[in-house]
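Peer 1: With these hints in hand, go ahead and build the complete structure from the sequences.
Protein sequences appear in the order of chains L and X. For the first sequence, this note's numbering begins at 1008 and goes up steadily by one. For the second sequence, this note's numbering begins at 93 and goes up steadily by one.
For the record, the hints were derived by calculation from the structure and aren't laboratory data. Since the model is a prediction, treat every value here as computed from it, not as a measurement. Please note that a few of the clues may not be correct.
Simulated DEER-style distance windows between Cβ atoms [to be verified]:
(1) L:1219 / X:296: 56 to 64 Å
(2) X:379 / L:1264: 48 to 56 Å
(3) X:255 / L:1349: 37 to 45 Å
(4) L:1029 / X:109: 23 to 31 Å
(5) L:1182 / X:201: 38 to 46 Å
Beta carbons are placed, not taken as given, at the ideal position from N, Cα and C, and that holds for glycine.
The chain contents come next:
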Amino acid sequence: MDRESDPVAALVATVAERSISYDGLSVSKSDGLYTFETTERQVTDLTASALGETAAGDPFVDNWFHWTQRSRSTAEQAFLRWVEHAEERSVPERDAALTSGGVVREWGQLRITATVVDGDRRYELRHSDDRDADPAELERFVDPRKAREIATTDDKGRYRPLKTAPSLSTGWLFPELTGASLVEAIDFFYPATIQNWSLEREGELDVTNWAAAADRQSGIYAMVDELSGEQLEWLTEACCVDSQCLKRREWDAADGEEIDTPRGAGAFPCREPCSVVISAARKWTQIEREDTERYTFELTPSEKDQLEALVAAVADGRIDEIREAEFSDPANRQRARYLRAKRFDAEGSLSTESERPS
Amino acid sequence: MSQQTDEALVIVAHGSHLNPDSSTPTFAHADTIREADAFETVREAFWKEEPSFREVLRIVDVETVYVVPMFISEGYFTEQVIPRELRLQDWDVTDWESDGTSADHAAYTATDTGTTVQYCGPVGTHDSMTDVIVQRARSVTDDPNVGSGVGLAVVGHGTERNENSAKAIEYHADRIRETYDFAEVKAMFMDESPEVDDVATLFESDDVVVVPLFVADGYHTQEDIPADMGLDLDGPGSYPVPGMVDGTQIWYSGAVGTEPLLADVILERAADAGADVAGAIERVKQQTGGTAIDVE
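Peer 2: Listed below in structure tokens is the structure:
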């Protein structure tokens, strides 16, 4: 057995060079003899071979080996340890959970269950809405690249241009990913979220505020730097709150100029306005260039309520929930058609015959 | 994993907020390259999708990254948008020493990650793209020897936004004319002369293969061009192959970017910039039909 594959061989070889202190395990060498200590027991005056016998099968040694002797990026390591609460829970607590039912974490709309099977960590990945689903009812995948296809369309088959929109489709299952393939799958579901989350934990997240992001734009998007102040409140309310995107907004209007719109409760940060926001901002820039005019038209109180309800139904994505013949709902299709027939002209414009009454 | 190195390949493409097919070829070619074990890490990045150009380098987490643009010509995206968004320090378009179609590669440091970026020219102007166009003609006609007695039109957008766009089309049309035995080869355009509308009359051959030099299928390749040529269009992407227009049989191939051999062009770009991927190039050519036909 070598130190690449055997925890005890790795431990003995490592402690010959330097002391070990990791997750409640301490191993040190003094005057040619070793001290082996965990939160559960302490054994002193060990020869190298006795150290090997003492360490064999110890869960603290297996834990040390798993987390220190394999090559992972900083972000991958931090994330996989976060998944099993490694910073808050002792090795025995974690082992107990990992071997009996697993440890569950949610990441956006993803539900990750970490387990240990035959000494190896395995990760199950599914939609959080499928938490109680019978695995046999879910479509099973092995290749993490399949996450890319799953993430492309929502449950209604509509294209999802924003990966972190809360519209991830359900009904699928990755039953047994390794740590590396879990990270790969999540990167296809929610690109760069693990890296940006890790940078944030390290205090190194590079946030680009609106002013700098807008200033950087060129071509047809150069105009978006015209938006400011309240317009940025409206823009973030439109695109960035939790009902629209699961990233937690960390950017503001500029240094010292906060945007009051709720930032969101997401686990992973948003470090700058995304391409969807910039593209929408271009449309709002064009619209905001127009001056207001005064229109006069007549509506009954119910008709005014109805127009407000129609805007709310679209803005809240509620259209598909409004049932046929549900005439009590002001955003019902037949009610909208009645209003159009009554108050709108042949071009679909609200009739404003009584405009500018003298 | 014998060919792996601690280098990564990043394929940068436009993508779309509206059309999922826009990124499909990029994903397909990336998968081909992953399966050829060319790099430890291969990742796609997009202007309109995620990961963004701004955040892809932090995902790949290696010292050296080869960045290959899935774009047809040099211009606004390759010269302004991509270098800016990747944060290439001291980017200067003259480092490419390009005449408009000859951008090769240049090395920069990304200011956020410290990554060394070998920034390559776009796939569309690489010499091996000529072979992909011909391969596309073979695919659409299902004839590995297509050429003699057949016309070939290479179709581009035109100069509306960028003069290099037309240069790339003409460059490949010239090379095909010199290297292959098509009866006639013409560069044609959507918005300038010679226009693709006139394909049936401008060619003397009874059979003409039409290959649009676009990276992905979308409105232009699925609706605009087939309609302009006079093909019977029965909805987006639904046209006869071959289709008869004014006595000429038109074999319209759809976007060249969907041809599997394009994965080879991406690898050739990285190889030109110093990536050790010769073995992977051979595997990709074999898999995508590049080698077997090229040795004849």
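Peer 1: It remains to establish, for every hint, whether it holds in the given structure.
Peer 2: Results for each hint:
Taking the beta carbon of each, residue 1219 of chain L and residue 296 of chain X are about 58 Å apart, inside 56 to 64 Å as hinted. In this structure the supplied range 48 to 56 Å holds for residue 379 of chain X paired with residue 1264 of chain L, their Cβ-Cβ distance being about 54 Å. Checked against the hint of 37 to 45 Å, the C-beta distance between residue 255 of chain X and residue 1349 of chain L comes to roughly 55 Å, which is inconsistent with it. Between residue 1029 of chain L and residue 109 of chain X the CB atoms are about 46 Å apart, so this pair departs from the stated range of 23 to 31 Å.
The hinted range of 38 to 46 Å is satisfied by residue 1182 of chain L and residue 201 of chain X, whose Cβ atoms lie roughly 42 Å apart.
Checked against the numbered hints given earlier, the structure breaks hints 3 and 4 and satisfies all the rest.
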